[in-house]
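**Student:** So the sequence lines, in the order shown, correspond to chains C and V. Just so you know, we're using the working numbering here: the first sequence kicks off at 1 and counts up by one. Just so you know, we're using the working numbering here: the second sequence kicks off at 1 and counts up by one.
Simulated from the structure, these hints should not be mistaken for lab results. Hints should not be assumed to be uniformly reliable.
It does not matter which identical chain is used: a pair holds within one copy or between any two.
[Unchecked claim] Derived lysine to aspartate or glutamate pairs resembling EDC-like cross-links, with alpha carbons at most 20 angstroms apart: (1) Lys152 <-> Glu187; (2) Lys104 <-> Asp169; (3) Lys145 <-> Asp169; (4) Lys45 <-> Glu12; (5) Lys118 <-> Asp92; (6) Lys77 <-> Asp148; (7) Lys152 <-> Glu13; (8) Lys105 <-> Glu13.
2 protein chains.
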Amino acid sequence: MKNKDILTYTFEEYITMIEHFHGSVAPGILIGGFMVDLACRNIPKNTMYNVICETTKCLPDAVQLLTQCTIGNQRLKIINVGRYALTFYEKDTGWGIRIYLDYKKTEPWSEIKNWYLKVKPKHMQNKQLLLSQIKEAGTNLLGIKKVDVNIKLLGQKHNGRIVICPFCDEAYRVTNGTAVCPACREEILPYVLKTIKTAKTVL
Amino acid sequence: MKNKDILTYTFEEYITMIEHFHGSVAPGILIGGFMVDLACRNIPKNTMYNVICETTKCLPDAVQLLTQCTIGNQRLKIINVGRYALTFYEKDTGWGIRIYLDYKKTEPWSEIKNWYLKVKPKHMQNKQLLLSQIKEAGTNLLGIKKVDVNIKLLGQKHNGRIVICPFCDEAYRVTNGTAVCPACREEILPYVLKTIKTAKTVL
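Chain C with its partners taken away, still in its complex shape (with noise of 0.2 angstroms):
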């Protein structure tokens, strides 16, 4: 059988993947796809594992587009300290492995480097040898270290009732027992609705 590079896949199929999904074929979702082999080569079969993302860009589209953990079925959380990481992570035990893109590592590939650390401004980076030096780095960029992940703070939240908020009339999960929805309670939405919100209402 052909060697593989990423699961099942070559790096161009992948990269078929990702435009498919993605729009543009990113660096960070190229290395991603990495990041989710060697998490996959180093959990046990058949393990029931969720993952967690230390950050929004790229990253949590490798893992949608090669694991079944979705942001709609909650079994990717995103919790975003801006670091290029990924937790995969037993999901009735906490049992977990971290694997991290680490920066002393891109040393022997230059443009990963002046991607990775922004040396350079994108406008100057050379995107051709960028994915050339990504597809022959493969894993070598990566460092792996087990960890144990408190899984009752993840505990999904499967409660709340589902109750009609009386300023927008639209039903809504409550989770801290308040009778008006967040959106109406706080302005944490950016938009208006072009129509006047009026309580009772039917909009």
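Knowing the structure of chain C, use the given hints to seat chain V on it.
**Tutor:** For chain V alone, kept in the frame of chain C given last:
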């Protein structure tokens, strides 16, 4: 040409896509398909749009499956207020439409109402009936409103230098000028590494 239910897909084709990406065929992601379909039929062709989703549950996956707005490419943003709603907005002007699941419109479909308003606990719901009612109802469950999105509040934060945190010795994106990464500054990650963490030491 055969009539398609959800963008260019039949309902059955969409179910296959869900199984592959999301795992289970959840009612929320099915209805989400009709929401995306209705949105796409109401925005001008060739509009460069982004999406805001008001819940983390299921709905983000409908957007990611059917559009090129994903979490990782930052074109899908989740602002979790627990409502079942999506806003598609024009990236540069903020012109947009908000599609929501209108509880009042679930009245003719008993099992959809039972599911949405949690009238019955999950184990007492009839999943087959629920799915067939969702297929039958299509976009008839949905409300649609024009909105003005304040795009300044959603501006992408491209800025932020990449620096090395002196505690974890990893690269991270500086967003507020602090010289320690958010993960080391506050205990916001739910795991402990199985090695001792010391400043300036490679673990």
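**Student:** At most 20 angstroms between alpha carbons: which applies to Lys152 and Glu13, within, between, both or neither?
**Tutor:** neither (38 angstroms within a copy, 37 angstroms between copies)
**Student:** Within a copy, between copies, both or neither: where do Lys105 and Glu13 come within 20 angstroms Cα-Cα?
**Tutor:** neither (26 angstroms within a copy, 44 angstroms between copies)
**Student:** How would you label the pair Lys152, Glu187 (within, between, both, or neither) given a Cα cut-off of 20 angstroms?
**Tutor:** Between copies only: 15 angstroms across, 31 angstroms inside.
**Student:** How do Lys104 and Asp169 come out at 20 angstroms by Cα distance, when the copy is not named: within, between, both, or neither?
**Tutor:** Close across copies (9 angstroms), not inside one copy (54 angstroms); limit 20 angstroms.
**Student:** State whether the alpha carbon distance between Lys77 and Asp148 is at most 20 angstroms within one copy, between copies, both, or neither.
**Tutor:** within (16 angstroms within a copy, 29 angstroms between copies)
**Student:** At most 20 angstroms between CA atoms: does that hold for Lys145 and Asp169 within a copy, between copies, both, or neither?
**Tutor:** between (49 angstroms within a copy, 14 angstroms between copies)
**Student:** Pop the pair Lys118 and Asp92 into one bin, within, between, both or neither, using alpha-carbon distances up to 20 angstroms.
**Tutor:** neither (39 angstroms within a copy, 27 angstroms between copies)
**Student:** Given identical chains, is Lys45 near Glu12, meaning Cα to Cα at most 20 angstroms, within a copy, between copies, both, or neither?
**Tutor:** neither (26 angstroms within a copy, 31 angstroms between copies)
Going down the numbered hints, you'll see the structure goes against 4, 5, 7, 8, while the others check out.
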